[in-house]
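*Asks:* The residues making up each chain are set out below.
2 protein chains.
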Amino acid sequence: MAISFTVVAQCPVTKARAGVLTTPHGQINTPVFMPVGTLGTVKAMTPEELAEINAQIVLANTYHLYLRPGHELVAEAGGLHRFMNWQRPILTDSGGFQVFSLGDMTKIDADGVVFRSHLDGSSHYFTPEKVMEIEAALGADIIMAFDQCPPWPSSREFVEQAVERTTRWARRCKEAQLNPSRQALFGIMQGGSFPDLRRRSAEALVEMDFPGYAIGGLSVGEPKEVMYAVLSQCVDFLPADKPRYLMGVGSEDYLLTGVWFGVDMFDCVLPTRIARNGTAMTSQGRVTVRNSAYARDFGPLDPNCSCSVCANYSRAYIRHLVKSNEILGHRLLTYHNLYYLLKLMEGARQAIIEGNFVQYYRRHLPLEEVDKYFNREE
Amino acid sequence: MAISFTVVAQCPVTKARAGVLTTPHGQINTPVFMPVGTLGTVKAMTPEELAEINAQIVLANTYHLYLRPGHELVAEAGGLHRFMNWQRPILTDSGGFQVFSLGDMTKIDADGVVFRSHLDGSSHYFTPEKVMEIEAALGADIIMAFDQCPPWPSSREFVEQAVERTTRWARRCKEAQLNPSRQALFGIMQGGSFPDLRRRSAEALVEMDFPGYAIGGLSVGEPKEVMYAVLSQCVDFLPADKPRYLMGVGSEDYLLTGVWFGVDMFDCVLPTRIARNGTAMTSQGRVTVRNSAYARDFGPLDPNCSCSVCANYSRAYIRHLVKSNEILGHRLLTYHNLYYLLKLMEGARQAIIEGNFVQYYRRHLPLEEVDKYFNREE
Chain A
778 MAISFTVVAQ CPVTKARAGV LTTPHGQINT PVFMPVGTLG TVKAMTPEEL AEINAQIVLA
838 NTYHLYLRPG HELVAEAGGL HRFMNWQRPI LTDSGGFQVF SLGDMTKIDA DGVVFRSHLD
898 GSSHYFTPEK VMEIEAALGA DIIMAFDQCP PWPSSREFVE QAVERTTRWA RRCKEAQLNP
958 SRQALFGIMQ GGSFPDLRRR SAEALVEMDF PGYAIGGLSV GEPKEVMYAV LSQCVDFLPA
1018 DKPRYLMGVG SEDYLLTGVW FGVDMFDCVL PTRIARNGTA MTSQGRVTVR NSAYARDFGP
1078 LDPNCSCSVC ANYSRAYIRH LVKSNEILGH RLLTYHNLYY LLKLMEGARQ AIIEGNFVQY
1138 YRRHLPLEEV DKYFNREE
Chain B
778 MAISFTVVAQ CPVTKARAGV LTTPHGQINT PVFMPVGTLG TVKAMTPEEL AEINAQIVLA
838 NTYHLYLRPG HELVAEAGGL HRFMNWQRPI LTDSGGFQVF SLGDMTKIDA DGVVFRSHLD
898 GSSHYFTPEK VMEIEAALGA DIIMAFDQCP PWPSSREFVE QAVERTTRWA RRCKEAQLNP
958 SRQALFGIMQ GGSFPDLRRR SAEALVEMDF PGYAIGGLSV GEPKEVMYAV LSQCVDFLPA
1018 DKPRYLMGVG SEDYLLTGVW FGVDMFDCVL PTRIARNGTA MTSQGRVTVR NSAYARDFGP
1078 LDPNCSCSVC ANYSRAYIRH LVKSNEILGH RLLTYHNLYY LLKLMEGARQ AIIEGNFVQY
1138 YRRHLPLEEV DKYFNREE
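If you're matching them up, the sequences are chains A and B in order. Numbering-wise, my numbering comes out as the position in the first sequence, counting from 1, plus 777. Numbering-wise, my numbering comes out as the position in the second sequence, counting from 1, plus 777.
Incorrect hints may have been included.
Unchecked claim - Straight-line alpha carbon distances no greater than 20 Å define the calculated EDC-like cross-link-like pairs of lysine to aspartate or glutamate that follow:
1) A:K792 x A:E1002
2) A:K1100 x B:E952
3) B:K907 x B:D888
4) A:K884 x A:E849
5) A:K1120 x A:E1029
6) A:K951 x A:E980
7) A:K792 x A:E952
8) A:K1100 x B:E849
9) B:K792 x B:D1013
10) B:K1100 x A:E980
11) A:K1100 x B:E853
12) B:K907 x B:E980
13) A:K1120 x A:D888
14) B:K1100 x A:E829
15) B:K1100 x A:E934
16) A:K792 x A:E1145
17) B:K1001 x B:E1145
18) B:K1120 x B:E829
Said to hold, decoys possible - From the derived model, a few chain A residues whose C-beta atoms are all more than 12 Å from chain B:
19) V784
20) Q787
21) T791
22) Q804
23) N831
24) E952
25) L955
26) S958
27) A1017
28) G1055
29) Q1061
30) Y1150
By construction, these hints were calculated from the structure, which means they are not laboratory data. The structure presented is a predicted model; accordingly, all values stated were derived computationally and were not measured. Where a beta carbon is used, it is the ideal one built from N, C-alpha and C, also for glycine.
Only chain A is shown next, with the shape it has when bound in the complex (with noise of 0.2 Å):
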């Protein structure tokens, strides 16, 4: 087996609970979350300055590696850990949301998608083994499974017929996978809004016995009631003893209370993106440094925060940053905003061993963000 986990700690009123995930490339604190990479780059960040706060593992995209510069490259270079000069960990995702999303012309068969590349309008065709072939090239400790992530909202019939495409996927990648002693292949749960779907779906894979399990088709653009309600739910159908990964996701609320409802993994563009566009993540909310408010506020981005970044510059100096353009700006902020977040998330994880994460949580977010969906017995 690539990976093994143990749960360390668990919380005695919410679900959350704090584990250790040993892959090949080292060892991984749960609950974590994973700076985004697409392109074998953490957008603005170095691989130094990632080790440096803290980033455990990083997440690669399949579908923009494939297109660009090829997977069969990156094997040459030695493998995605080679080529970006990472000795952590690293997930793949499948290219399974990017095809649907990013890819024009998408169609559909039993066996997989051909699309168009966004890049160059060029033709490709994914199928389970395709992805599996590229996965393997690229080298990470954890890879993902082909699947169909429906948008929202779908109907009933087009998020069941994802779910059986997605589990008949699921085995095929399980049969093509070519270095299990050496990447966990993890299947992802698809269902949309649906729980007997959703049940349905974890059923089908949780029988196939993966080494970890991702909830996908959720934070693809419906209410936050929605997600916390599918969440609430469908954590439960994943085995207590193997990882949990709740895809896309990287805002404070989601994350503390996807880890209240038991989930152990999450990955979003969110901390890095909103950097780039001149917002920073906070201990007291988002902060818009472009804002002309802070032109000469020479006060730090979070007066809580100890990072480098807050250390040694001013909103003043980032906001003339980030109006004039100069990379240095996206840099900063990038490098903040994702150390707020894994400090965040190793908070949460003290907690947990603590046994105070419901206070944690409370310290964060108000409790009426869960309780609706949980029954307490504070």
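With chain A's structure known, arrange chain B on it following the hints.
*Replies:* Frame of chain A, contents of chain B only:
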């Protein structure tokens, strides 16, 4: 006096010399290349990285900082050093070059220049007194007098007028300077390619006794032969005991030849600008990693370079980043190019001290570059 300058070694063959320039923010070993941080940031670099590669002083642009974020704001922030988090020396130019080259609809009169901002078309008026006020607010260690830099080619009459105006303005700058004990004001020699005008400009400035002198009006599009011919003469018009600064020069050949002719200080956007266009400066010449020839080149940018980029990243990876317009591509190339140029200059200084500068020059450039301008007695 804000600065002091000592020549510590003189090449026995050429006019090259090694010096130490002491400023309020520390010592600078010359000859020195000064990375350009136009808007208070050397594009794509942090101050920590600049210190890591041993940048001794950076340049910032008065015209740009005056327009954005405004010199009063920088003063409120505690000056440019504090604003940009750089505690080593800073030099600010005077904006003379920019108002003529970037400003639209420039109108020049005896007192100064009316120009329109390249950002929003707003109208502004720079006089020697105004420029001294702005440079005092920015708080650099070395500040430049307001000059008129004629384009190349220009008529003798035009250049003569520019010399006269530059001389008058230099005197007014000296009289208007606000902090002579904390900021060293350098005069700028003009005179185009006319040796007698260069001499006239230099003599007038030297009579005013500036703590340092710049050679302006070169590297503005003239052929290399013109540049070298002017340079080989006009350095002699400047006193040996004061630092000499050749403005706007950053290619390997111009730098080493400038050192040969007795120049101590240089600045240019070249290494950082070509980095962002995907080109590396290397011991084997320029390497445009953007080119497809490097798609599968898994070696470093420069096999003879000991920088952290060359230790950790391949040409293929950097090409991938550049092609994908990833910030990290700009970062890695900028870091390497500055490292390369700073090492080149450190090597030149060491060679001068060890008495083998001509050999050092020959290792990098053909001696024919300088032979016709210089009677060597090897």
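*Asks:* Each of the hints needs a verdict: does it hold here or not?
*Replies:* Hint-by-hint comparison with the structure:
1. A:K792 x A:E1002: Measuring from Cα to Cα gives roughly 18 Å; hence the hint holds.
2. A:K1100 x B:E952: The hint is violated at about 35 Å.
3. B:K907 x B:D888: holds (10 Å)
4. A:K884 x A:E849: Distance ~25 Å between A:K884 and A:E849 Cα, so the pair is violated.
5. A:K1120 x A:E1029: Measuring from Cα to Cα gives roughly 11 Å; hence the hint holds.
6. A:K951 x A:E980: Roughly 16 Å separates the two Cα atoms, so the pair holds.
7. A:K792 x A:E952: violated (33 Å)
8. A:K1100 x B:E849: Judged against 20 Å, a Cα distance of about 17 Å means the pair holds.
9. B:K792 x B:D1013: The hint holds at about 9 Å.
10. B:K1100 x A:E980: With Cα atoms ~43 Å apart, B:K1100 and A:E980 exceed 20 Å; violated.
11. A:K1100 x B:E853: holds (19 Å)
12. B:K907 x B:E980: violated (25 Å)
13. A:K1120 x A:D888: Judged against 20 Å, a Cα distance of about 42 Å means the pair is violated.
14. B:K1100 x A:E829: Violated, at about 27 Å.
15. B:K1100 x A:E934: violated (42 Å)
16. A:K792 x A:E1145: holds (16 Å)
17. B:K1001 x B:E1145: Distance of about 13 Å is within 20 Å: holds.
18. B:K1120 x B:E829: Holds, at roughly 12 Å.
19. V784: Check passes; 36 Å lies beyond 12 Å.
20. Q787: holds (39 Å)
21. T791: holds (38 Å)
22. Q804: holds (23 Å)
23. N831: holds (18 Å)
24. E952: At about 32 Å from chain B, A:E952 clears the 12 Å cut-off, so the statement holds.
25. L955: With a cut-off of 12 Å, A:L955 remains clear of chain B, as the shortest Cβ separation is near 22 Å.
26. S958: The assertion about A:S958 holds, with a minimum of 26 Å to chain B.
27. A1017: holds (39 Å)
28. G1055: Non-interface label on A:G1055 holds, nearest chain B Cβ at 14 Å vs cutoff 12 Å.
29. Q1061: Nearest chain B Cβ is 21 Å from A:Q1061, so the label holds.
30. Y1150: holds (39 Å)
Going down the numbered hints, you'll see the structure goes against 2, 4, 7, 10, 12, 13, 14, 15, while the others check out.
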